[in-house]
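Protein chains: 2
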Amino acid sequence: MSKYWSEVAKKIDPYVPGEQPQDKRYIKLNTNENPYPPSPKVLAAINQVTTETLRLYPDPECRELRACIAEYHGLTKEQVFVGNGSDEVLAFCFQAFFNPGTPILFPDISYSFYPVYAKLYNIDYKLIPLEDDFSLAWDKFCSPNGGVIFPNPNAPTGRYMPLEAVETILEKNIDQVVIVDEAYIDFGGQSAVKFINRYPNLLVVQTLSKSRSLAGLRVGLAIGHKDLIEGLERVKNSINSYTLDRAAMAGAEAAFKDEAYFQTTRNMIMATREKTIVDLQRLGFTVIPSLANFIFISHSRVLAADIYQQLREEGILVRYFNKPRINNFLRVSIGNDREMKSLVEQLTTIVR
Amino acid sequence: MSKYWSEVAKKIDPYVPGEQPQDKRYIKLNTNENPYPPSPKVLAAINQVTTETLRLYPDPECRELRACIAEYHGLTKEQVFVGNGSDEVLAFCFQAFFNPGTPILFPDISYSFYPVYAKLYNIDYKLIPLEDDFSLAWDKFCSPNGGVIFPNPNAPTGRYMPLEAVETILEKNIDQVVIVDEAYIDFGGQSAVKFINRYPNLLVVQTLSKSRSLAGLRVGLAIGHKDLIEGLERVKNSINSYTLDRAAMAGAEAAFKDEAYFQTTRNMIMATREKTIVDLQRLGFTVIPSLANFIFISHSRVLAADIYQQLREEGILVRYFNKPRINNFLRVSIGNDREMKSLVEQLTTIVR
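These protein sequence lines map, in sequence, to chains R and F. Mapping of the first sequence onto our numbering: position 108 corresponds to residue 216, and the numbering continues sequentially without gaps. Mapping of the second sequence onto our numbering: position 50 corresponds to residue 158, and the numbering continues sequentially without gaps.
For reference, chain R alone in the conformation it holds in the complex (with noise of 0.2 Å):
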């Protein structure tokens, strides 16, 4: 603590992300990243930034990004934002659309980040708890609020809210704004973005980083409304007009129009999951079902902490929340095969 420091930067909790260990190769099962490169058309299309467009600002506006995802989902640039990960647009959404006082809800049991945007912008919210099966019950969210937020499929659990009970929470909550993060929507679920021309409260978030194996490029977007697409290009514009570097922008068009590697790559992640998911039931663990590129898992003996001590000192590293209701569960991102086969041989070890 400084006596520099602002009431703000004294109050806030920040957010730890997964670690990136630099002491030794790990198998990283940890923070879920893709297992697969991205398209090599991204690369390609990095490698054709040159010197001379490097000296000069990007397009303030992505409006050539914002087109070629709008085009992906037969909407207008209108309706697109774009920022630097999901977790800008996400700061930028709370700032944009929340109010201190009446409290917006989010899951008890959900990504760690929404109480730390909360605390930042001084945003009251209350904890919807989750089922004891980790579901989310819609008619929860239904009661007076300042604004919703979910992701869907939920993390860490994985568990998917089918789009049916996503509408009753849209329809049900039309005077606050909606967010459905779909940072993992990819992996087996089926996108809000079909709702958006009929729900002018809703705002989809999506990431790169995750489906599109860009995690390292940083580029996440938000669709909705164009009103609502206005708010947070205000609040972008009152902190900075360049958010995407030419090289981010670049690759991420080109991720998008590589149509046919996403498919494959994540089919391919989807298949490793479900295999993942019989070998772990086959050795006691109960695996939450999960449309997200990781799973959550808990063993009817060894203790989650115990398991990701081992893993890590076996060189597998996967992602233990000391939080209650989860102190007993494991987040485990799905690796390729080979990494998944790993992962099932340490745990065939640890539990036996």
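The hints are simulated quantities; they were obtained by calculation from the structure and are not laboratory data. What you are looking at is a predicted structure, and each value in this text was computed from that prediction instead of being measured. Backbone N, C-alpha and C fix where the C-beta goes; we use that ideal spot for every residue, glycine too. Just to be clear, a hint being listed does not mean it is correct.
Derived DMTMM-like pairs (lysine to aspartate or glutamate); straight-line CA-CA distance at most 25 Å [what the hints assert, rightly or not]: (1) K365/F / E160/R; (2) K132/R / E453/R; (3) K119/R / D247/F; (4) K149/R / E169/R.
Computed beta-carbon distance windows for the label pairs [what the hints assert, rightly or not]: (5) N155/R / L411/F: 40 to 48 Å; (6) A178/R / K248/F: 44 to 52 Å; (7) Q130/R / E272/F: 40 to 48 Å; (8) Q417/F / A178/R: 55 to 63 Å; (9) D216/R / D247/F: 53 to 61 Å; (10) E422/F / A178/R: 34 to 42 Å; (11) E421/R / E160/F: 21 to 29 Å; (12) E169/F / K119/R: 18 to 26 Å; (13) S110/R / D121/F: 28 to 36 Å; (14) L411/R / E367/F: 53 to 61 Å; (15) N230/F / K431/R: 52 to 60 Å; (16) E160/F / T161/R: 20 to 28 Å.
Dock chain F against the given chain R, drawing on the hints supplied.
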């Protein structure tokens, strides 16, 4: 205005960057970009980024880049913060060090993003009028305040404040954070970085967009006491853990490592500036003394607004601010010799 916008989104007054026109090719002297490309080593470094690393999150602490910049200045990496352009770094500074209540101080004619940040974060401010010659009188920054920020050299005037005056401001405000915004310091001024180990209240903000020719890559930095850097990290980690992508970090590091290229290009720009000043004075222009990569000029007979318009029609973009005290001035970025020759030729016709 939308009913879904927060009170913050409604009240803010976003910054409008210099235009990046798409209609035709201009000689662009309007956004202080560098006329020379970045070091070829920057592109080589970016091209080292592989698809295998792009799928992985970058280092959220940016350790390598911070260590590289720290070494450049003979400091430690704990004294260096890096972000997505100096605009983002400045936004974080306002949030990390300034409070509502006691007004912060900045010049009335200055970087027009400062009041935007202040409005966003609800920070009160008091404008300190520049002297008639656009210089900044240090004694006016010594009244009770909640913090101080000024560019050195100032923008859009280009006027430099000698380091002795900067030091006096630091001494007289030892209980508040003093931010010296050195976006243009590499074009002839002396950096306040030399005071870092002496004044715990000093934060120097710089950018790679100007003197390192990397506007398209979005990298800015802050240098200060480790407690101030920690304050910035806290804010950053409450918004976005990874603000710099892998291409930006690799390119920025390469730029800092090519000192010879940096010296050559900045010297070329300064030489062109001095030559242009002589040419313009010959045409009857008043040129404010500049240690930046731009000059601030006014003509004795022809209105700045008219010159702006006529230059635009001839394919030359400069920046015109329709604001009190400076509405008969133009800010002209220093291009290469060929571009400045075209400018002088056009101006010769216009003021004839």
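Inset, instruction - Confirm or reject the claim that E421/R and E160/F have a C-beta distance inside 21 to 29 Å. - result: holds, 25 Å
Legend entry - Hint check for D121/F and S110/R - Cβ pair distance inside 28 to 36 Å: For D121/F against S110/R, whose Cβ atoms are near 30 Å apart, the range 28 to 36 Å holds.
Legend entry - Hint consistency between K365/F and E160/R [alpha-carbon to alpha-carbon, up to 25 Å]: holds, 19 Å
Legend entry - E367/F and L411/R - C-beta distance against the hinted 53 to 61 Å: holds, 54 Å
Legend entry - Distance restraint evaluation - E160/F, T161/R, Cβ atoms, bounds 20 to 28 Å: For T161/R against E160/F, whose Cβ atoms are near 25 Å apart, the range 20 to 28 Å holds.
Inset, instruction - Starting from the range 18 to 26 Å, see whether the pair E169/F and K119/R falls in it by beta-carbon distance. - result: holds, 22 Å
Inset, instruction - Note whether the CB distance of Q417/F and A178/R lies within 55 to 63 Å or breaks it. - result: violated, 34 Å
Legend entry - Beta-carbon spacing of Q130/R to E272/F - inside the hinted bounds 40 to 48 Å or not: holds, 43 Å
Legend entry - Supplied distance hint 52 to 60 Å, evaluated on CB atoms of N230/F and K431/R: Given about 33 Å between the Cβ atoms, the range is violated.
Inset, instruction - Can you let me know if the beta-carbon spacing of A178/R and K248/F is within 44 to 52 Å? - result: holds, 50 Å
Legend entry - Proposed proximity, D247/F with K119/R (alpha carbon, max 25 Å): violated, 34 Å
Legend entry - Verdict for N155/R, L411/F (Cβ pair) under range 40 to 48 Å: holds, 47 Å
When each numbered hint is compared with the structure, violations occur for hints 3, 8 and 15.
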